[in-house]
Amino acid sequence: MAKVYNWQLAREMSYWYPESRPQRQFAAIFDVNKCIACQTCTLACKTTWTSGRGQEYMFWNNVESKPYGFYPLGWDVHLLEMLGAQNWSDGRYEGLTIFESALAGERVLGFRPQEADYSYPNIGEDDASGVVERGGYFLPPHAVWMFYLARICNHCTYPACLAACPRGSIYKRPEDGIVLIDQSRCLGYQECVRACPYKKTYFNPHTGTSEKCIGCYPKIEKGLQPQCFENCIGKIRLQGWLSVPDKADANNPVDYLVHIRKIALPLYPQFGLEPNVYYVPPLHVPDGFLVQLFGPRGPAAVKEYLKAREDAKLAGLLGLFGSAPNTMAYFSVDAADATAYDASHKKVVSVPIIEPTHIRPDFDPARDVARQNTP
Amino acid sequence: MRIKHYMLLTVASLFIHGGCGQDAAKLKLAGQALARRAAQAAEGVTPLDPAWDKMPFYTAAMQLQDVTQPTLTTPGVAGIDVRGLYDDRWLVLRLDWIDSTVDTTAAPARFSDAVAVEFPTQPGSNVPDANMGQTGGSVHIVQWKADRQQKMSRTAEGTKALYPYSAIDFYVEDVPPEGPAREQMAQQYSPAIGVGNPASMHTSPVQAFVAEGFGTLTAVNEPEVRGQGTWQAGRWYVTIGIKLPAATAMTPFQVGQRTFMALAVWDGSAGNVGSRKMRTTWIPFMMEAPVTKAGL
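Residue numbers (the working numbering), protein chains in the order written: chain A, 170 to 544; chain B, -6 to 289.
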């Protein structure tokens, strides 16, 4: 085991290989509050990559309802229970990661979902945390809550799948940090399935190998965002590049939201993988649950996010989500518009900070008809 | 006791050690006939050929793979009975062991039963590490897997084979008409098949590999190998045939030359896969020269 630095934990930790960061790191931000669980992302991925034999049960992208949705069943709560106490102190993680708590003879603390655990992709869908009492109604803070959690591979800085593969069949691309399984080398031991705490590697029984989200790298190489980003109806996603904290660039949209405003947070940072998909955490969720999923900054991130109403730069940046198919490496916000740029600083798109309001009279005199306010 | 230290792998010695007490010349003839069947079975002497029962065998004691992570922590198969014979073309081993469960499918969280035999690639007593060899010290490994064998006989593919009652609308790869376009599409959706991964190509129940240490296992086409497995009454019976190289080749398979083999076995029901296996250290053996009439 090597000693590596995990900035999400604010401390060193043990990892199977020495620290080796890519030239630039694929990163994404999902604004949970905008997700409507339409699963268009899921289908965009499914039809692009996993509609072959042996891939039927694979969802490289899925959207599950929290707190009771899981794919596969119980993927996170099972590991949380195995991991034991996960305490934080002043932003530093005091518990053990899945690498540090590996059992004797293992590289990573993990478990293999059973076959039936993949049989309920929609379990818990739209289920709230509890029953709304008769006469109850929704006013913040919500006593009863739920939210949608969209998930892809986190293309982690310290991937557990990569650490666990005894054949070295999994690699992290130095040019973009995307984590891939070498399909010519994998022999299907399913160690990666056991190790990945997010359960985003899948065994293909037709080919006898394991497969996973490839970050749509053919699109990334062309400066385009992955399929699940481009097709997102709710425009909850933005893909870009993440710097390490001490090199954060205020003009980089991912750096700005992750490092500077600290609004976007990693999912289960306590596992220790330094995942690179960041979430704007959901409103109206108890602080304890936010901390469990997103670490100790969860409640503060929600408060910061709510400032967007009065914060033009933040509002403008959030408006860039889903506004163009291109990877957004830089951004700027002026008085009226937010603009995204690609890696060569070429303009990608501009969006208004506040959408213009169009008011149409309810009667159309040219056609002599009343306009219906329904589609 | 020589038999404890060496596996005697000749058709003649086979019957001598079988101790049938019959006429030696007839025994030798019988042995040759069996050898021919072996070459077939390399083209598969069937694993349950009654002739195997008359052959001497060596019981290899298995131990946990506890050298490299991930390890196996719960003991599994305790021992493998090994028999062998050879002729001028094939070396054939029959391996059998107790396994109460038949695991012929690799699926999510399901693993296949398997067995493997390992040899140093070079002759001599300076053998590489028995655990998959080492850098500069390569080993040949031949593995039989129940799921490879099972897949060869399946009529359905993929999920339909595993879950016959599953409902599948259609596969995109089936849209193009039969021919190159469809094959190309199928490879796109099964990339491991497209790149010829040996784990995906089920043309034989056995696969030969070469290795130079943990994590280096690499499929090879030489030596040619064949094999077959049968489960009966709580026991797997597996033959592994290895085509012998030309006599002039540098090979550990030289008649009268002491060499080594090691074994590994996987019980799918116990979650054995990859390095989670029971294994042996090196077992010395010799392909004895056939006993001639003059030598009897």
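Worth double-checking, as some hints may not be accurate.
[Said to hold, decoys possible] With the C-beta cut set under 8 Å, the calculated list includes, among others, these residues of chain A facing chain B:
1. N202
2. R222
3. Q359
[To be verified] Which stretches of chain A does chain B cover? Using the computed rule of at least three CB atoms under 8 Å from a CB of chain B, they are:
4. 194 to 200
5. 383 to 391
6. 478 to 488
7. 507 to 518
No lab work stands behind these hints: they were computed from the structure. Glycine included, each C-beta is placed from N, C-alpha and C at the ideal position.
Checked hints:
{"no.": "1", "hint": "N202", "result": "violated (33 Å)"}
{"no.": "2", "hint": "R222", "result": "holds (3 Å)"}
{"no.": "3", "hint": "Q359", "result": "holds (7 Å)"}
{"no.": "4", "hint": "194 to 200", "result": "violated (count 0)"}
{"no.": "5", "hint": "383 to 391", "result": "violated (count 0)"}
{"no.": "6", "hint": "478 to 488", "result": "violated (count 0)"}
{"no.": "7", "hint": "507 to 518", "result": "violated (count 0)"}
When each numbered hint is compared with the structure, violations occur for hints 1, 4, 5, 6 and 7.
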